[in-house]
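Chemist: If you're matching them up, the sequences are chains A and B in order. Taking this note's numbering, the leading residue of the first sequence gets 838, the next gets one more, and so forth. Taking this note's numbering, the leading residue of the second sequence gets 192, the next gets one more, and so forth.
Please note that a few of the clues may not be correct.
The following residues of chain A were derived to be distant from chain B, with all beta-carbon distances above 10 Å [stated by the list, open to error]:
(1) A846
(2) R851
(3) F854
Just some of the chain A residues that point at chain B, by a computed CB distance under 10 Å [as the list claims (entries may be wrong)]:
(4) G866
(5) Y885
(6) T889
(7) L901
(8) L906
(9) R910
(10) Y914
Since the hints were derived computationally from the structure, they do not count as laboratory data. These figures come from a predicted structure and were not determined experimentally. Using N, Cα and C, we set each Cβ at its ideal position, and we do this for glycine too.
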Amino acid sequence: MQVDNQTQAGSKSRCNFIIWAVALLLVGGDFILTPHAPLHHLPQFGIYMLVTLAGVGAALGLTLALGQLLRRREDYYAR
Amino acid sequence: MHANILLVPGIILSGVGLVLGLMPTWLRRACVALLPPLLLIHIWTLPHTEINILWLEHSLTLLRLSSSGMLFASVFLVALWGGGLFALQDAAPRELGAAFIYAGGAIGICLCGDWITLFCFWELMALSSTLIVWCGGQPDSKRAGLRYLLIHLAGGVFLLAGISALAVTGTSMELGPLQAEGYAYWFILAGILFNAGAPPFSFWVADAYPQASPSGMVFLSAFTTKTAVFVLLAAFAGEALLIPLGIYMALYGIVYALLEHDIRRILAYSIVNQVGFMLVAVGVGTSATLNGAHAHAAAHILYKMTLLMGAGTILRQMGTTSALKLGGELWRRMPKTTICILIGAAASMGVPFTSSFITKSVVLTGLADADLGLIWALMLVCSAAVVFNAGGRFPWLALFAPAPDSSAKDKLDSNLDPQGITLGSMVGTALLCLVFGWVPGWFYQLLPYPGAYHPYSGGHLLEQVQILAVAGTMFWLTRRYFYPQRGITLDTDWVLRVALLQGWMFFQHHLTSSYFRFTQMEVNSRMRSYMLLFSLHGPRGILARSWYTGSIALWVALILASYILMYNFSAHAPLNTLLRFLLQS
Numbered sequence: 838m839q840v841d842n843q844t845q846a847g848s849k850s851r852c853n854f855i856i857w858a859v860a861l862l863l864v865g866g867d868f869i870l871t872p873h874a875p876l877h878h879l880p881q882f883g884i885y886m887l888v889t890l891a892g893v894g895a896a897l898g899l900t901l902a903l904g905q906l907l908r909r910r911e912d913y914y915a916r
Numbered sequence: 192m193h194a195n196i197l198l199v200p201g202i203i204l205s206g207v208g209l210v211l212g213l214m215p216t217w218l219r220r221a222c223v224a225l226l227p228p229l230l231l232i233h234i235w236t237l238p239h240t241e242i243n244i245l246w247l248e249h250s251l252t253l254l255r256l257s258s259s260g261m262l263f264a265s266v267f268l269v270a271l272w273g274g275g276l277f278a279l280q281d282a283a284p285r286e287l288g289a290a291f292i293y294a295g296g297a298i299g300i301c302l303c304g305d306w307i308t309l310f311c312f313w314e315l316m317a318l319s320s321t322l323i324v325w326c327g328g329q330p331d332s333k334r335a336g337l338r339y340l341l342i343h344l345a346g347g348v349f350l351l352a353g354i355s356a357l358a359v360t361g362t363s364m365e366l367g368p369l370q371a372e373g374y375a376y377w378f379i380l381a382g383i384l385f386n387a388g389a390p391p392f393s394f395w396v397a398d399a400y401p402q403a404s405p406s407g408m409v410f411l412s413a414f415t416t417k418t419a420v421f422v423l424l425a426a427f428a429g430e431a432l433l434i435p436l437g438i439y440m441a442l443y444g445i446v447y448a449l450l451e452h453d454i455r456r457i458l459a460y461s462i463v464n465q466v467g468f469m470l471v472a473v474g475v476g477t478s479a480t481l482n483g484a485h486a487h488a489a490a491h492i493l494y495k496m497t498l499l500m501g502a503g504t505i506l507r508q509m510g511t512t513s514a515l516k517l518g519g520e521l522w523r524r525m526p527k528t529t530i531c532i533l534i535g536a537a538a539s540m541g542v543p544f545t546s547s548f549i550t551k552s553v554v555l556t557g558l559a560d561a562d563l564g565l566i567w568a569l570m571l572v573c574s575a576a577v578v579f580n581a582g583g584r585f586p587w588l589a590l591f592a593p594a595p596d597s598s599a600k601d602k603l604d605s606n607l608d609p610q611g612i613t614l615g616s617m618v619g620t621a622l623l624c625l626v627f628g629w630v631p632g633w634f635y636q637l638l639p640y641p642g643a644y645h646p647y648s649g650g651h652l653l654e655q656v657q658i659l660a661v662a663g664t665m666f667w668l669t670r671r672y673f674y675p676q677r678g679i680t681l682d683t684d685w686v687l688r689v690a691l692l693q694g695w696m697f698f699q700h701h702l703t704s705s706y707f708r709f710t711q712m713e714v715n716s717r718m719r720s721y722m723l724l725f726s727l728h729g730p731r732g733i734l735a736r737s738w739y740t741g742s743i744a745l746w747v748a749l750i751l752a753s754y755i756l757m758y759n760f761s762a763h764a765p766l767n768t769l770l771r772f773l774l775q776s
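Excised from the complex, chain B in its bound form (with noise of 0.2 Å):
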């Protein structure tokens, strides 16, 4: 049974990972070509069986195949090939091998049967894309990787407790819906919402994920978040507490990318805002909703991964991603980036014929059917606020606007696309958002619950083109009023950041001084003694003088008498007796 193990995709990717910085360079790239693509293949042909092993009287599940498991771990290997191939022209080796361990935590979380295998695999991924953002090699890739790694693994000790909870209280330890009772239910979804930026720790993503590589942020845009989502729609579907916070998650992102300057920044705020649709999608907890929020994430994925490879080669190319420093019609220098990023801009505000089109519809109609219609509200606002950010705001900024300053015309002679490889992987990732757009029968019938989805009405078509049109009018009317411009924005981690650190060092500041203070007050005191004793013993002290015989004779008598009166009175003994007996006579 044991031998099995190597049958399991999570493993194999993390195994190879660990290896994968010491291999030659003609085998990494076989590696970062091939290995995706084969695991994708071998994990459709698995037949239907779990892999289990036995560790401290625990049955661990390594492997188990769902329908929703399968779609999103198809979906993480093919960001994994997507990403590599992207990866390959300048990623570090450590890089490529952390990203495949995080692949394989996402991908064996994904297929796997039971709480525990899943809590190993979440660590797995948590150190492993820590590793990915330290590789970023940007001014502040080291302190935002510390403070990412300090989110997770937090969230990794509510995960934990809550696991523990469920093994105490002796429930079962399978990986499905859990009932809302005790306080390992609610242990787990706070350990659960931490990864997936929910609130009041949604600023790590836009903390962390930009400090990352070109390629490094396209692996983390990829599994962390959606892997939460996965479990959340394994265990949590139908939580109410999901709706709030992912409205709120929605709005957050919509507002925050309006008030940012820097392009992967806009794009890491895009994916809370989308992230948050899919926790409303979940919390909602409809077959129509939950099927939306798969496809959702998988669509997301896809198109996101277009994007921030187009921002990567933005990067790579011009040193930059500050708007402030960009622009100067910089499409007419990277034509074939340009396509492909307007492709996935297309893809992230649902134009039709896109993937998202075909996903969002699902949510709203699920919504809509739910008759939910506040909540269909917002979240129609919020998948139209997409032009604000990743959809137009995010392609005008990097490729149409007017260049600000000199150093970025200077570099507009000559051709910016990426070539080979690169460019391949970023047109396969843009193509694969219209395929999904152009054949949504082959998408809906990955997805989980039975559903007959039908997006290509002229009914929706025009709602969505009513959508689209208003938002896009509201943009282009506005956008002055949303002109980058420096400065930050305070988050919630204005909270970790500032208000804690500095209560802590007032803190320690009164503690310190209160111990200094009681120290002076104690070597005073001592040294109030010492005098004391000094001025009694010294070399001119009162009993250090020579005394007369007789008033030594004197003294002796006066103490011997005082003696014996405090016996007596003490033990009403003799004298007592000896008056006594004297009166009595």
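Only chain A is shown next, with the shape it has when bound in the complex (with noise of 0.2 Å):
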């Protein structure tokens, strides 16, 4: 059991590490390749990321409460 956690929290971390590699990689990128911030008062770098992380975790927050608020039986209209 402990053996499994061990392999568990390594492959966690190894995770952890490759999204982070990834991310600095993509912003880094953008010091090379983005010639301009898509409109003038956003930063040039990473501003694709950001947006995306924000709005698409606003998107899931709300999908889950809409989910809990809105999910009835699947013959709620037969009844």
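Combine the two chains into a complex, taking the hints into account.
Modeler: See below:
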């Protein structure tokens, strides 16, 4: 059991490392490749990642909330 | 001039559709395989003239070639061709006939030049698409088709009201940008928005489309909503109301697709999501966003067809599209279908070198250039969130998720890929998704407005990789929150199917009980009247008894006296005169 836990913890830390490495790589790529910010008042680097992260996170939160509120049995309309 | 009617592609297709079901099998197959490509050549070789006929003092323009209409008509013909070939395996002849009429209506709208002709083709589409839903053979096909028909007929009524108002006010009936004044504009806009799946009627897409057959949903996904987008582009470009409606639709598609467990309903919600994206582009109304809406509509038809053909293949082979019953690493048994679905999914997400990458970038760049920061951010999110419906979640649930029950596993022993022409149609549409992505110049030159777009710059590629990397990682990390679950999610159709229905039943109950109470009261009062009459005139009634002669004489004298008195008081006649005479004497 202890070995399993250690293996899981190891794979989780590897996964986190990969995510952070890719994120840094993409933001770093912005310094070289992105000519300017998409809108004049936005930062030039990593803006697409930030907007996606915030927006998709909000959409997922909204989905979970609406799911709790509006979920019904499959035969709801048949009854 | 009337002989030229036979040159109108919409009329040709509708005419063939009417008799397609009666043809022998070999001729029907030949029509399905050859007519769409021949018509594609036909519309690109037609001279740029109009075909007009006179009807009730109105000049109807049955054919007018515009760059926008040609683009949409061409993609519709490709969709009819691909869908028709895919349908040959198991579609009923009447479904194929209805599909040809449906496509004829859509192409007729794209190539017509006035509102009356548009309305005729519009209603033709509504009726034929309902037939396609009814041919679905699913448990709820008939009722869903009826709901679909009601919604579209309601939309048709609004459209007709608007067109009639145009005619009454003497406005030109020519199909083109409308002035935002008078109720004709708003009625026509409302009628078009019904078909676009705009709120509060976005539910009909996911309600009706998945009830069609595997091939039926391929046809349905291509025509109705995109025809509405075409008309919005032609008449309502720059209408600001479309922006909030489009944002709602884009978010609605994301939220409801995530709560859904049926893979075809996920794709239906994804259609609403992408049409919302197009509506925003139309609403902003710059040449870049309008070009983007044209391009994205065309790309969307192709990749959604690919995905729906994949979903249809799964339905044909497994007998279900519920993710609760699918899975079991189906990709091992249908590798060719899996590749096509993955290409379609990549195109839907905007992966570089696919069609949607080059079209979404036009819209997003147009929004950024117009300095619409909030709308740009929202559309960016909606574009990224496709990973959570058609792009990532759909292939994962359909092909890669583990099997929840043994019935699905039992079917995994054989190769489930379709064969021959069915596979060919799916591969063909998947290849088109790639061709447009690889050679965007071909695609961009079909767009109606001038503009130079360069999607394959290093910066743009990196932007898209950023979006996909973040969205993909979020999908993978949060996927356990969105495992398919039994149940449905209430939508705005609750108002029609429950609130209005129960309200009507409540009203009907009270109306009926009031009627019964009134009837009872009437019966009771009538009975009481009869009882009273009976008590007076019945065998023992007071008026039925025998009377003494003296008593009768007394009553007669009393009645006469009272009569004389009444007469005198009323007319001031002889008795007064007599009394006055006696007193004076």
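Chemist: Work down the list of hints and note, for each, if the structure agrees.
Modeler: Now for the hints, and whether the structure bears them out:
1. A846: holds (17 Å)
2. R851: holds (14 Å)
3. F854: holds (13 Å)
4. G866: It holds, given that the least Cβ distance between G866 of chain A and chain B is near 5 Å, below 10 Å.
5. Y885: OK, holds: Y885 of chain A within 10 Å of chain B, min 4 Å.
6. T889: Nearest chain B Cβ about 4 Å off; hint holds.
7. L901: At 7 Å from the nearest chain B Cβ, L901 of chain A passes the 10 Å test, so the hint holds.
8. L906: Hint holds; L906 of chain A Cβ to chain B Cβ min 8 Å, cut 10 Å.
9. R910: holds (6 Å)
10. Y914: The hint holds - Y914 of chain A has a Cβ within 10 Å of chain B, the shortest such distance being about 6 Å.
Going down the numbered hints, you'll see the structure goes against none, and every one checks out.
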